[in-house]
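*Asks:* Chain residues, written in single-letter form:
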Amino acid sequence: MFHKLAQKIDQIKPVETVEAHCDIPCGIYDPHQAIIGALTVIRMVDLMEKLVETHSGEKVEFHNSMARYVSVKEEHAELTKHEIRVIWGDFIKDAHVEQYPQLHGLVHKIMQLGSKARQTTDRETALALLDAVNEFAEIFWQIKGKETKRVKAPYSVSEEIVVPDL
Amino acid sequence: MFRLLKIRGHSLFPDFREGDFVVIARFPFPAGQIRAGDVIVFDQPGYEHMIKRVQQVLDDGRAFEVRGTQIDSTDSRNFGPVSKRHITGKVIWHIRQK
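Quick note, the sequences are listed as chains F and V, same order. Okay, so the first sequence: first residue is 299 according to the numbering used here, each after it adds one. Okay, so the second sequence: first residue is 257 according to the numbering used here, each after it adds one.
Check the hints yourself; a few may be wrong.
[What the hints assert, rightly or not] Straight line, CA to CA, 30 Å or less: simulated DSS-like cross-link-like pairs of lysine-lysine:
1) Lys354(V) x Lys306(F)
2) Lys354(V) x Lys302(F)
3) Lys302(F) x Lys262(V)
4) Lys391(F) x Lys442(F)
5) Lys262(V) x Lys311(F)
[What the hints assert, rightly or not] Partner residues aside, some chain F positions facing chain V, computed with beta carbon under 10 Å:
6) Leu303
7) Pro312
8) Ala318
Hints listed in this document are in silico derivations from the structure and should not be mistaken for laboratory results. We put the CB at the ideal spot given by N, CA and C, even for glycine.
Please put together the full structure from these sequences, using the hints given.
*Replies:* See below:
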């Protein structure tokens with residue numbers, strides 16, 4: 299009865315809401331986007347190198363293609379950093395860090411590698427970024443109680459990626 | 257002195273469900289202080305108007321460790337203790353859905 303009354307009041311004059319929220323979307327965390335971001339960085343470096351080696355046409359086309367590769371590389375290195383930061387900041391708790399004391403250092407390493415991947419066209423850096431994100435993904439899924447496996451990415455870049463064994 | 261609020265989110269599920277209403281006594285409260293187990297409403301800087309359960313009273317009642325019920329609840333594990341000056345009120349009546 300009281301709930302119906304409160305609903306009536308809410309209909310007449312909307313009642314202010316108060317947030318009892320988890321991170322939104324509630325409970326949905328996955329490092330997959332970070333892995334996709336790191337793979338994309340590798341792919342962009344490959345495309346940039348290939349363009350330099352093979353391009354013999356108009357200069358303007360070269361610059362257009364190169365600019366697009368650089369832009370996507372920037373965007374996806376930042377996406378990788380963002381996705382890891384969200385999981386680290388919102389999902390990871392003190393108890394997880396006690397269990398995996400390397401977590402803070404690993405996240406810092408990903409931040410640095412992500413920045414270096416933006417600054418350079420070094421393929422080794424891009425691979426190191428993916429490697430660190432894979433390591434983070436393994437820890438994440440262990441915390442979630444899920445087994446993981448390493449599989450070859452089914453894309454133009456076929457590096458190994460960590461996926462949950464669901 | 258009193259205020260009706262509607263709950264959004266699942267951080268306090270199953271104790272409080274999305275769509276439940278609460279009546280809060282606005283701070284300073286007419287009776288009693290905040291104790292562990294109380295449910296409070298507060299404005300944490302950088303976050304929204306939030307509702308959580310007090311887990312621990314700190315610093316002689318000047319700060320409060322708050323918790324949700326879910327592993328990924330956004331609570332003091334994320335933003336630290338809630339200062340007394342950020343508290344809007346204490347839940348005195350929980351109006352549940354059927």
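*Asks:* The structure should be examined with respect to each hint, and the outcome stated for every one.
*Replies:* Evaluation of the provided hints:
Taking the CA atoms of Lys354(V) and Lys306(F), the gap is near 15 Å; set against the 30 Å cutoff, the hint holds. A distance of roughly 9 Å separates the Cα atoms of Lys354(V) and Lys302(F); the hinted pair therefore holds under the 30 Å criterion. Between Lys302(F) and Lys262(V) the CA atoms are separated by roughly 13 Å; this keeps the pair inside 30 Å, and the hint holds. Restraint check: the Cα-Cα separation between Lys391(F) and Lys442(F) comes to about 12 Å, which is no more than 30 Å; the hinted pair holds.
Restraint check for Lys262(V) and Lys311(F): the C-alpha separation of about 12 Å stays at or below 30 Å, so the hint holds. Because the beta carbon of Leu303(F) sits about 8 Å from the nearest beta carbon in chain V, less than 10 Å, this interface hint is met. Interface hint at Pro312(F): satisfied, since its Cβ lies 8 Å from the closest Cβ of chain V, which is below the 10 Å cut-off. Restraint check, Ala318(F) versus chain V: the minimum CB separation of about 4 Å is within 10 Å; hint holds.
Checked against the numbered hints given earlier, this structure breaks none of them.
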